[in-house]
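Colleague: Each chain, letter by letter, is given below.
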Amino acid sequence: MSDKQTKTSREKYAEVAYYPGCALEGTGHAYNRSTKALGKALGLKLKEVDNWNCCGAMEVKNIDPKLQTYLSSRVMSIAANKMKMDVVMAPCNGCYHNLKRAEWDLQNDDKSKEVVGRLSQKAGHETYQAGQVETIHALDWIKDGIGEDGLKARVKNSLKGVRIANYYGCMYTRPRHIFPEKDAGAGSESTSKPHFMDDLLAAAGAENVDFPLKTACCGGAHTLSDSDTSTRLVANILRTAEAAGAEVIATECPTCHSGLEMHQIRAEKTLGIKTSVKIIYFTQLLGLALGLKPRTVGLQENVSDSFAYLKEKGLA
Amino acid sequence: VNAPAAHSIADIGGRLEQLIGQPPDPGAAAEMLTLGEEILEHWVRARGKEPTRDEREGFRLLALHRQGADKDPSFNACRETCRELAYHYNLLTLQPDHEDSVQRARMMALVANHLYLFISGKMETEQLGEFCCSSKPIRTGLTGGVDGNRSAQ
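The listed protein sequences correspond, in order, to chains A and B. Residues 1 to 316 in the working numbering are what the first sequence spells out, letter by letter. Residues 1 to 153 in the working numbering are what the second sequence spells out, letter by letter.
In case anyone wonders, no lab produced these hints; they're calculated from the structure. There could be a bad hint or two in this list.
Said to hold, decoys possible - Below, in silico cross-link-like pairs of lysine-lysine (BS3-like), each with a Cα-Cα straight-line distance of 27 Å or less:
| # | chain 1 | residue 1 | chain 2 | residue 2 |
| --- | --- | --- | --- | --- |
| 1 | A | K12 | A | K61 |
| 2 | A | K66 | B | K49 |
| 3 | A | K66 | A | K7 |
| 4 | A | K40 | A | K84 |
| 5 | A | K61 | B | K71 |
| 6 | A | K193 | B | K71 |
| 7 | A | K47 | A | K82 |
| 8 | A | K40 | A | K12 |
| 9 | A | K182 | B | K71 |
| 10 | A | K113 | B | K71 |
| 11 | A | K111 | B | K71 |
| 12 | A | K7 | A | K40 |
Said to hold, decoys possible - Calculated Cβ distances over 10 Å to all of chain B for the following chain A residues:
| # | residue |
| --- | --- |
| 13 | H29 |
| 14 | N53 |
| 15 | C54 |
| 16 | Q107 |
| 17 | N108 |
| 18 | K113 |
| 19 | R118 |
| 20 | A123 |
| 21 | K156 |
| 22 | A243 |
| 23 | V303 |
Said to hold, decoys possible - Covered stretches of chain B (chain A as the covering partner; in silico rule of three or more C-beta atoms under 8 Å from a C-beta of chain A):
| # | segment |
| --- | --- |
| 24 | 45-56 |
| 25 | 111-118 |
Quick caveat, the model's predicted, so the values are computed rather than measured. Ideal placement from N, C-alpha and C gives every residue a C-beta, glycine not left out.
Take the sequences, apply the hints, and build the full model.
Modeller: Spelled out as structure tokens, the structure:
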């Protein structure tokens with residue numbers, strides 16, 4: 001058995017290759033900032049992937065899925081072959097999904113292997129081989145790298161009284177076949193009712209509400225081509241969260257997060273649907289619970305203004 | 001051959017909006033489930049198929065979802081929404097006197113509405129079904145026609 005196989009999640013996740021992806025350098029910058037701050041506070045190390053590229057996201061995938069597989073494989077190749085890392089952590093659902101998909105393609109599709117091999121050779125880097133790295137989400141990183149007990153022990157400002165609807169979006173668990181580690185028995189994440197974010201925020205003292213749209217589509221893919229559909233979908237998610245008793249929607253994806261924020265404003269303007277639920281990254285909430293300052297977790301970068309609310313709760 | 005869905009897409013949306021706007025009615029569980037089935041029927045028909053009468057796990061809704069997702073994996077983005085709808089139907093009908101029934105009915109209406117919004121939005125984007133907005137001729141002109149150069153999802 002290799003070292004890689006015998007290491008526990010705690011050991012493996014203590015230092016991971018960090019793949020922020022394009023969104024975390026733009027609209028999702030608060031997520032980038034809070035993820036780094038949270039890792040530092042928890043003693044988990046991040047080594048940003050050298051010279052990383054776009055994962056292929058939606059645009060490239062729609063034109064040529066094999067090119068997307070190559071782009072994602074290049075990120076994993078750098079982490080594995082250049083940085084000698086075992087684990088890549090991607091906080092963005094889109095990046096996480098695309099790296100997992102590329103991993104699956106390279107294990108199961110000869111044509112993908114051939115294209116990735118050819119393009120890697122042309123680009124002058126080592127070809128990524130399936131299984132060289134494990135791709136995880138920021139939720140896995142905290143959940144398995146620290147755990148609820150570890151988190152509880154570090155909480156300085158409990159999230160007690162903060163009523164949260166946890167919104168995972170539709171890319172974190174779909175399609176199920178690219179996430180073989182999910183639905184794998186006790187302790188694993190569920191694809192139908194994900195709970196890692198619920199577990200972590202509950203460990204920090206928050207009160208999670210029963211939210212039936214935690215994996216529902218927010219229309220993120222159509223936000224530019226068909227904004228009205230996105231606005232209607234987001235408005236329904238927001239009012240469902242409020243009807244469930246939530247004061248906050250916790251997010252774990254920059255695209256979902258900015259979609260919820262932007263369309264919350266647009267829903268009021270174009271549909272007359274006003275909601276006041278706050279939209280906050282789970283990393284920001286956990287950071288505040290650990291005693292980090294609002295600015296340290298980038299609260300000022302959110303469009304959804306939650307300062308007054310968090311102040312009232314003794315968190316800001 | 002099945003009879004067409006009893007309500008138009010717009011009527012389904014209107015009725016759901018009505019249900020959301022009024023005090024929640026646990027007795028409307030069957031109607032909300034039927035509205036969910038009807039919106040799925042619209043989707044299946046718009047793609048040139050006959051809606052199934054089969055059931056999966058005791059629900060026609062789930063069989064219709066599966067039929068609707070055939071050769072269109074992106075449609076699975078509403079899989080859990082369908083399952084939540086079935087779940088809330090079960091809660092309301094198996095425990096009609098439960099203290100949370102009103103809240104459950106409220107949530108079921110919002111879940112059904114999400115299914116409606118997802119499918120009607122998807123049909124509009126893919127230029128399927130009964131949508132005839134004034135911009136459609138412009139869109140079809142730009143894209144080379146409905147049956148022309150539509151990109152795969």
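Colleague: Take the hints in turn and mark each one as holding or not.
Modeller: Hint check:
1. Using a Cα cut-off of 27 Å, the hinted pair K12(A) and K61(A) is violated, with the two alpha carbons roughly 30 Å apart.
2. For the proposed pair K66(A) and K49(B), the alpha carbon gap of about 31 Å is over 27 Å, so the pair is violated.
3. Between the alpha carbons of K66(A) and K7(A) the distance comes to roughly 32 Å, so the proposed pair goes past 27 Å and is violated.
4. Between the alpha carbons of K40(A) and K84(A) the distance comes to roughly 21 Å, so the proposed pair stays at or under 27 Å and holds.
5. A distance of roughly 17 Å separates the Cα atoms of K61(A) and K71(B); the hinted pair therefore holds under the 27 Å criterion.
6. Proximity of K193(A) to K71(B) is assessed by CA-CA distance (about 24 Å); at most 27 Å being required, the pair is judged to hold.
7. Taking the CA atoms of K47(A) and K82(A), the gap is about 12 Å. The hint holds against a cut of 27 Å.
8. Between K40(A) and K12(A) the CA atoms are separated by roughly 16 Å; this keeps the pair inside 27 Å, and the hint holds.
9. For the suggested pair K182(A) and K71(B), the alpha carbons sit about 24 Å apart, so the restraint of at most 27 Å is met.
10. For the suggested pair K113(A) and K71(B), the alpha carbons sit about 24 Å apart, so the restraint of at most 27 Å is met.
11. For the given pair, K111(A) sits about 21 Å from K71(B) by alpha-carbon distance, which is consistent with the 27 Å threshold.
12. The straight-line distance between the Cα atoms of K7(A) and K40(A) is roughly 22 Å, inside the 27 Å bound, and the hint therefore holds.
13. The claim that H29(A) lies off the interface holds: its Cβ sits roughly 27 Å from the closest Cβ of chain B, which is beyond the 10 Å cut-off.
14. Taking the minimum C-beta to C-beta distance to chain B, about 24 Å, the non-interface status of N53(A) holds against the 10 Å cut.
15. At roughly 20 Å, the least C-beta separation between C54(A) and chain B is larger than 10 Å, which holds for a residue marked as non-interface.
16. Every beta carbon of chain B lies more than 10 Å from that of Q107(A), the smallest distance being close to 18 Å; the non-interface claim holds.
17. For N108(A), the non-interface assignment is confirmed: its Cβ lies about 15 Å from the closest Cβ of chain B, beyond the 10 Å cut-off.
18. The claim that K113(A) is not at the interface with chain B holds, since no C-beta of that chain comes within 10 Å of its own (minimum 22 Å).
19. Distance to chain B confirms R118(A) as a non-interface residue, since its nearest Cβ pair spans about 24 Å, more than 10 Å.
20. Once the 10 Å rule is applied to beta carbons, A123(A) is consistent with being away from chain B; the minimum gap is 27 Å.
21. Listed as outside the interface, K156(A) is consistent with that label: its C-beta sits roughly 34 Å from the nearest C-beta of chain B, beyond the 10 Å cut-off.
22. A243(A), annotated as away from the interface, has a beta carbon of chain B within 10 Å; the closest lies near 6 Å.
23. The beta carbon of V303(A) is kept farther than 10 Å from every beta carbon of chain B, the shortest such distance being approximately 22 Å.
24. Coverage of the segment 45-56 of chain B by chain A is violated [criterion: at least 3 residues with CB-CB distance below 8 Å; count 0].
25. Requiring three or more residues with a Cβ within less than 8 Å of a Cβ of chain A, the coverage given for the segment 111-118 of chain B holds, as 5 such residues are present.
Hints 1, 2, 3, 22, 24, counting from the list given before, are not met by this structure.
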